[in-house]
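Chains as they are written, first to last, in our numbering: chain D, 1 to 99; chain A, 1001 to 1498; chain H, 2001 to 2496.
Honestly, the hints are just simulated from the structure, not real lab data.
Among the hints, erroneous ones may be present.
[As the list claims (entries may be wrong)] Examples of chain A residues lying across from chain D (beta carbon under 7 Å, computed):
| id | residue |
| --- | --- |
| 1 | C1034 |
| 2 | Q1045 |
| 3 | T1046 |
| 4 | C1047 |
| 5 | V1060 |
| 6 | N1061 |
| 7 | K1063 |
| 8 | P1093 |
| 9 | Y1158 |
| 10 | S1159 |
| 11 | L1161 |
| 12 | D1162 |
| 13 | S1242 |
| 14 | A1305 |
| 15 | A1308 |
[What the hints assert, rightly or not] A partial selection of chain A residues facing chain H, derived with a Cβ cut-off under 8 Å:
| id | residue |
| --- | --- |
| 16 | P1048 |
| 17 | P1096 |
| 18 | G1232 |
| 19 | R1234 |
| 20 | P1303 |
The beta-carbon is built from N, C-alpha and C at its ideal position, and this holds for glycine as well.
So the chains spell out like this:
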Amino acid sequence: MPRISRDEVARIAALARITLRDEELSGLAGQIDGILDAVAVVQEAAGADVPAMSHPLEITNVTRPDVIVPSLTPEASLSGAPASEESRFRVPQILGEEA
Amino acid sequence: MALTYEEVVAKYEPSLGLEVHVELNTQTKMFCGCATEFGAAPNTQTCPVCLGMPGALPVVNEKAIESTIRIGLALNCAITPKSRFARKNYFYPDMPKNFQISQYDEPICTNGYLDVEVETDEGIKTFRIEIERVHMEEDTGKSLHVGGATGRIHGAEYSLLDYNRAGIPLVEIVTKVVSGTGKYAPEVAKAYVKELRDILRSLGVSDVKMEQGSLRCDANVSLAPTGSGKLGTRSETKNVNSLRSVERAVRGEMIRHAGLLDKGERVIQETRHFQEDTGATRSGRSKEQAEDYRYFPEPDLTPVAPDAEWIERLRSDLPEKPSVRRARLQDQWQVPDKEMAAMVNAGAVDLVEETVALGADPTKARGWWLGEISRLANEAEIELNAVGISPKQVARIVELISVGELTDKLARQVVASVIAGEGDPDSVIATKGIKVVSDESSLIAAIEKAIAAQPDIAEKVRSGHLPAAGALIGAVMKETKGQADAARVRELLLGLLS
Amino acid sequence: MSDLIKKSASELAALIAKKEVSSREVTQAHLDQISKTDSLIHAFLYVDTDGALAQAELADKNHDARKSPLHGVPLALKDVLAQKGIPTTCGSKILEGWRPPYDATVVTKLKDAAVVILGKTNMDEFAMGSSTENSAYGPTRNPWDTDRIPGGSGGGSAAALAAFQAPLSIGTDTGGSIRQPAAVTGTVGVKPTYGGVSRYGLVAFSSSLDQAGPCARTVLDTALLHQVIAGHDPKDATSINAPVPDVVAAAERADVKGMKIGVVKELTGAGYEKGVADRFAESLAILESQGAEIIEVSCPNFRFALGAYYLIAPSEASSNLARFDAMRYGLRIGDDGTKSAEEVMSLTRDAGFGDEVKRRIILGTYALSAGYYDAFYGSAQKVRTLITRDFAAAYSKVDVLVSPTTPTVAFKIGEKSNDPVAMYLSDVATIPVNLAGVASMSLPAGLSEGLPVGFQIIAPAMKDDRLYLVGGALERELNSKWNGPLTHQVPDLVVR
Ligand SMILES: [Mg+2]
Ligand SMILES: [Zn+2]
Chain D
1 MPRISRDEVA RIAALARITL RDEELSGLAG QIDGILDAVA VVQEAAGADV
51 PAMSHPLEIT NVTRPDVIVP SLTPEASLSG APASEESRFR VPQILGEEA
Chain A
1001 MALTYEEVVA KYEPSLGLEV HVELNTQTKM FCGCATEFGA APNTQTCPVC
1051 LGMPGALPVV NEKAIESTIR IGLALNCAIT PKSRFARKNY FYPDMPKNFQ
1101 ISQYDEPICT NGYLDVEVET DEGIKTFRIE IERVHMEEDT GKSLHVGGAT
1151 GRIHGAEYSL LDYNRAGIPL VEIVTKVVSG TGKYAPEVAK AYVKELRDIL
1201 RSLGVSDVKM EQGSLRCDAN VSLAPTGSGK LGTRSETKNV NSLRSVERAV
1251 RGEMIRHAGL LDKGERVIQE TRHFQEDTGA TRSGRSKEQA EDYRYFPEPD
1301 LTPVAPDAEW IERLRSDLPE KPSVRRARLQ DQWQVPDKEM AAMVNAGAVD
1351 LVEETVALGA DPTKARGWWL GEISRLANEA EIELNAVGIS PKQVARIVEL
1401 ISVGELTDKL ARQVVASVIA GEGDPDSVIA TKGIKVVSDE SSLIAAIEKA
1451 IAAQPDIAEK VRSGHLPAAG ALIGAVMKET KGQADAARVR ELLLGLLS
Chain H
2001 MSDLIKKSAS ELAALIAKKE VSSREVTQAH LDQISKTDSL IHAFLYVDTD
2051 GALAQAELAD KNHDARKSPL HGVPLALKDV LAQKGIPTTC GSKILEGWRP
2101 PYDATVVTKL KDAAVVILGK TNMDEFAMGS STENSAYGPT RNPWDTDRIP
2151 GGSGGGSAAA LAAFQAPLSI GTDTGGSIRQ PAAVTGTVGV KPTYGGVSRY
2201 GLVAFSSSLD QAGPCARTVL DTALLHQVIA GHDPKDATSI NAPVPDVVAA
2251 AERADVKGMK IGVVKELTGA GYEKGVADRF AESLAILESQ GAEIIEVSCP
2301 NFRFALGAYY LIAPSEASSN LARFDAMRYG LRIGDDGTKS AEEVMSLTRD
2351 AGFGDEVKRR IILGTYALSA GYYDAFYGSA QKVRTLITRD FAAAYSKVDV
2401 LVSPTTPTVA FKIGEKSNDP VAMYLSDVAT IPVNLAGVAS MSLPAGLSEG
2451 LPVGFQIIAP AMKDDRLYLV GGALERELNS KWNGPLTHQV PDLVVR
């Protein structure tokens, strides 16, 4: 029994906005399964009493003052845009929810 | 046959959940130094950070943290000793990084409450709304849909994105489940948002303009059969852009849910959009699968750990609570409950207070704001504070009346002109040549003319039948084209006839 | 081969300071070497010939202002750092053609120090890899044996040093991407304490692990570059607001007398090639002869490090790389007027990302998703705590820890490209360092069958100077044995 099915890989890929071609999916599913096998060792490492650590630094309250810093020019902001119009980023039609 | 609202509340018990998003009025964005000015030209307030460019990193705006803590304190919340930011991952073109920096299981403020007053059949009643959490996050950009019909997303050919709003600090205030409101659920929802708005305004942390989107409300509504003690399936209505809409949206959803339940159908848990024009809600595009936001601690930011001293400093700076202030003003002005409630409802408290502070008599100030000015605001369907006349201008008008330079009738004319944008009261009076006829000799001449024209009425007055004076006064006012001070006319008339 | 390119950065800086040579001449010599050798090595993705010469001329013009001890010395920049107006691809097709409108803080510091940036170096796509074979623009070759990999992800930065294309380079290290390439190319690379060098402008792979650092052919050059790029940056909330340890003084002192040096038991023995183990043992003997006390220490939880790393790094990466969506910059595929933004995003990400990147994004998305978070990402975070505790316990006994940098010398190009798990093992000794955020150096310990072997030193957080004390001492002894830096033994490149 693999740790992760081909369908599950496809579902996760869709969540990550990657459309996998069929042959890609088969290869990847096997590899991901192998990696999961190798990394699953972490599950035996620590009990409930061990706190999670998300970051190597212990510092807190790093902030900046509420002072305006010059923005980019709109030309600079849009300089890498695949398409733009009227100083805005032009993108294909957006599906999904009405904003 | 749709149920009437009365039938709905007889059969079902509503539960509410309200999520309010508030844009803070900081000078700069949540995580970068870009300005936050409303209405700036597209993409002029953007930088590598708020455009989510590769390599750019967020740094938290200190003022935004302080504002959020102040909101939490004003809502009687506990401040979390060490709260963290988290990433909420989902793809959407208006969100430059395709994740929103928000807070998840460690929000900065938790467990507060807000008391709101609603007029019920048994008089004014207080409802306690419990606050689950107050947390910080960032706003998204704005999209403009081109092609298709009326700028809507469906049928658009493409979209244009402006990221000026992306990264503006947002505070999300989430209530616990609000139950026990019965038929007053719509009013309670409205009163909550209104009271919250007043608190935020008094804190000075936000512009709280619903119409500009700096205060946005999502209303969760569910129904359960009365007495069942259960919680029904909820719908979440977004896009509720005014106080009135909050009330309408809740009422509308209650009726819609009841209609479904009555037919034995089930309510779908979904996002719905409020339609300002019809007052109905419309289903959002249903998602193929449940959202999986994959929250995890934001590794680019450090925890927020406000010490006691910082919190106490912020607490000591809190302004008087709007409810406390209202009680104080009511006492000061000697206003009955009902009229105070009317003032609150009309959003007139601040305006009256300012007008009084500028020297006007409280009763007179209240009279103008709740009377003529409210009438004009209603006519124009705008909020009282946006109607176009300032407390200073009202105070001046009250002053001009008290010194006899305006009559009430003339003053109404001046108010209308000020609201129409014709300038300050004094300049309106000057350009329009409005003046009270106070030259006594010409007034006396007019009175004598009226007496001469109606000698029988004059005789009645002379013999002590005072109500008859009205006809004579009316004639004088007509003669002077309403510019005379009616009280003075009466005085002079009675003097002449005594 | 010009004499100039064989010199160290500190030698070049001294010559420039004395006006015996100009920055322009030094820069031109390196540009010449790049154009002569890079068709073979492929260390660079972009050579900024005009820009580099202009920077060199500016450095010469400001000669007397002497902005830093590296004034006028050229450098190769890993293509994962944003440089204003210069193509920045991260080795990925998805960013092809992107020219950042801003400078990374490291780049700003280099410019302020009058260091001349020659161009951008090749790397595994988004720094994911240990061989530079995952670059969308083709692999980089190891100058010691051009059939072999130069390490990764910073293979370009390391190969440029070994091929004398630059005396200095910048790398980034998420799980070993500075140290492992340094080890297999016979060069020096340092991963500073997490938070020691600003990450602003470093295109994030795994935010809680990434750290940019200095690379060079000598310990002193590495220290000089370290001093230039380190320090607090208000644009990076995870940047440490404290003085930078005096790494240059430490490199110059190069003294281990009385130091306690811990050998990590779990990072030796089985799995390490004989040649690697032998050079490591010889290095320990040298340090002992110089007055250090060698102690064996155990870090039992290090065996979970690889697993934790391959969950944490992909998880963070899956989120960090979400921004590559064809909307605001970079590649856009399939925008033919009929497809939605969502479709274009997915098509672009499929076409624009290479296999290893997709593998890790999917792995990370999975590890964070509902129902799997606690078992995978959550468990990995706990392992991080355990590893940090292991380090703390070890440092209560010793001043620094040491190990071989990599289990093997450079492997052949293509040898491991179809076995991701085998490839991941290249970083088994370097990964614990990133998980705990401590500082680490790799420097050459000699050759095994003609290929370089790396020696790893690990210092506690904010004690980066100790790396240079130990590294400097070891290098002095080895250099006298080799008659100069190990890289002087790189075979002459035969460019066909
Ligand atoms: Mg939210
Ligand atoms: Zn910005």
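Hint check results:
no.	hint	in the structure
1	C1034	holds, 5 Å
2	Q1045	holds, 5 Å
3	T1046	holds, 5 Å
4	C1047	holds, 5 Å
5	V1060	holds, 5 Å
6	N1061	holds, 5 Å
7	K1063	holds, 4 Å
8	P1093	holds, 5 Å
9	Y1158	holds, 6 Å
10	S1159	holds, 5 Å
11	L1161	holds, 4 Å
12	D1162	holds, 5 Å
13	S1242	violated, 18 Å
14	A1305	holds, 4 Å
15	A1308	violated, 14 Å
16	P1048	holds, 5 Å
17	P1096	holds, 6 Å
18	G1232	violated, 24 Å
19	R1234	violated, 20 Å
20	P1303	violated, 11 Å
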